[in-house]
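Asker: So the sequence lines, in the order shown, correspond to chains A and B. Residue 154 in our numbering sits at position 154 of the first sequence; the count goes up by one each step and never skips. Residue 1311 in our numbering sits at position 311 of the second sequence; the count goes up by one each step and never skips.
No lab work stands behind these hints: they were computed from the structure. Note that CB positions come from ideal geometry on N, CA and C, so glycine has one too. Be a bit skeptical, because a hint or two may be false.
Only some residues are given here: those of chain B computed to face chain A with a beta carbon under 8 Å [to be verified]:
1. A1051
2. N1054
3. M1168
Protein chains: 2
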Amino acid sequence: MNRSSLKVSDIGEKQLIERIIEKSKSCSIMDNNFQTNQIHNFKTSIGDDSALTNVNIDKNSYLVSSTDMLIQSSHFPQDMTYFQMGYKSVVVNVSDLASMGADNIGFLLNIAIPKDTLLDDFDELICGVIQACDSYGIPLIGGDTNEASEIIISGTAIGQVDKYKALMKYGFKEGDLVCISDQLGYAALGFELLQIKKENKDKYEELLEKINEIDSTIVDMAIFKALKPEAKYLEGHILRDFNTKDNRVSVTDITDGLASEFYEILTCQRRHQSYDESFQSYQSSNDLNDDLSNRLNDDLNHESKYGIRVYEDNLPIEKEFKQIANVLGLDYLDLFFHVGEDFEFLFTINKELKNQLEEKMNFYVIGEITNDNTVEILLSNGDIKIISSKGYEHLK
Amino acid sequence: MNRSSLKVSDIGEKQLIERIIEKSKSCSIMDNNFQTNQIHNFKTSIGDDSALTNVNIDKNSYLVSSTDMLIQSSHFPQDMTYFQMGYKSVVVNVSDLASMGADNIGFLLNIAIPKDTLLDDFDELICGVIQACDSYGIPLIGGDTNEASEIIISGTAIGQVDKYKALMKYGFKEGDLVCISDQLGYAALGFELLQIKKENKDKYEELLEKINEIDSTIVDMAIFKALKPEAKYLEGHILRDFNTKDNRVSVTDITDGLASEFYEILTCQRRHQSYDESFQSYQSSNDLNDDLSNRLNDDLNHESKYGIRVYEDNLPIEKEFKQIANVLGLDYLDLFFHVGEDFEFLFTINKELKNQLEEKMNFYVIGEITNDNTVEILLSNGDIKIISSKGYEHLK
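Could you build the full structure based on these sequences and the hints that come with them?
Answerer: Right, dumping it as structure tokens:
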């Protein structure tokens, strides 16, 4: 590739924004039919103070919005390409929308970069953003560029969802199955490997040799999962179709580790109960959660305390994965439960619906909702252990 | 004030988010009636993957969205309080929505802070965010916290506007008046003073003495404008009422300097013309700009080239302001034209509507739209000078 030595400071903010507009225009035009309508709206407001978008959101739908910031030093491993940084900034936001079962409306990109960033690198990053936007059918509708000492990408995804179909973190009942949308821990393994590679290249090569004796494909897969995660957009749409007044499907994407998300969904269920008590006067009649609220309030009156039990024997962890974790001196359950960035779904569903759902998508049932007020695992050896909440948490 | 030595790292991301939720809840409840509906919706999704909001956007309206990132080292002068940082992060985004004439729907806050930030300072910043949200009637609906080496606040404001009323940067005709919503240059003067104070306290005190002999109120006003800007939300609503198919009002907020915005609106007018040519096949029939497009295309065929002429004698610059600029060794026209951060509006309006608009809001007519393809100023001494585009531009 012929790379130029031009830096972003050689052309400045306004021309950078022009480049984004140009790239996004050409990509969108090449793209398939679901975006032609948005292109027109986007065009109307190109370069204006805000983005204008044609949408139709009536009283049966919610506007859905989510924002996530990625900061080079915390979120981008050394080996991540500029393309992958841009791609990931869309994925993390689309993942949040997908886990509500929302349809995408538009993506806003807010990016800060060092002055001496090469223009080619900037272009590559924008290409990553636009390719991800195209993959998930979410048009890039607006944004801003700034200067910072490291790369910071703050994205905002906007969507909409039918009120009665919105996939909340809460709404589960005792006996509901606890499921995940795919294997977990590969991204964690990938990050671990990239960290070792960064700190000690010789040690990395040595470990790689040992790992390749066990399985030669897992390293590539783990690193790929760490560097180029994908959002479960289609799965969000499938799950929302199973979400009914009588059988709520609750969903969240796993960003800070599965264990941490277990505690999150339990907290959300409790919070929703107590909010329903204190905010009852604000209830409007045409909302998602009237039935749900009534049921949750019943639960509250009965002082029911939900918990989660998972079964080690149900966890989709391959023998080779365990062996490789061992080579690296890591606990495979730690990789599975306590590191995030997989962007798979954790969801609960009524057990009667399991077979039907299996016809539509892949997933693993790993446990169930209890009324025990604990998060625990039944190990293969028969012991029961409490799973602590320690996921990855910023600022700790 | 009793300050604690607790740092944000002592409680971590999840508890910080809880604090934001708590603060935002109490503020909103204390607030006036236009938010009660939103409170309920917000509640439904508190702590969930995305924010859910009750809105009604039909085919006659656009969804309006805007995102802006503030970075401590570029956007926050040393004297700015945490409260003011938070407040400004809302203002810059609401200003973008206001300059489209939009109604506010919700604000998303994405904040990154250093680990050792005092919890009291974090709380103060959040209070600034929430107080600004309350001032502009825009509920805080969601967000995220992260860790960074300096404070970074990325906000996203979402709103809606009637398609036929949206205030674009383009749409003006020859002879339209060029107006600003208030005096300019005070924020620029304030930033200048704060910079001097930071670099040389003695020099600052010395200058202050000289300035106070001229006018004792201007320093406070300038510094206040720099540290706590406000958005022209009401003015946006007034101007949109004057915006009709036959007499377009074009509006933008002045962030990078008035001269820079002059070139922006001319570029937008040209861009819209050329887009209308190349994208004509994407035109849908119920859009804002059908008539406008036709007219602009007519203009294009006639190779009309818009320009702007302003008159020094019309500029709202007080004698004292000029004298103070002189004391600081600055050109008052430079402060007026080439530094931004005032968040006042630059707008154009048909001259027949001037009197009517004067009954509704304060503004200054400083010039008019020409067909000369230049941006020029008629100086008090009778000379005509070209105004260059050099506004503040990041990454240059």
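Asker: Now, for every hint given, state plainly whether the structure supports it.
Answerer: Quick rundown of the hints versus the structure:
no.	hint	result
1	A1051	holds (5 Å)
2	N1054	holds (7 Å)
3	M1168	holds (6 Å)
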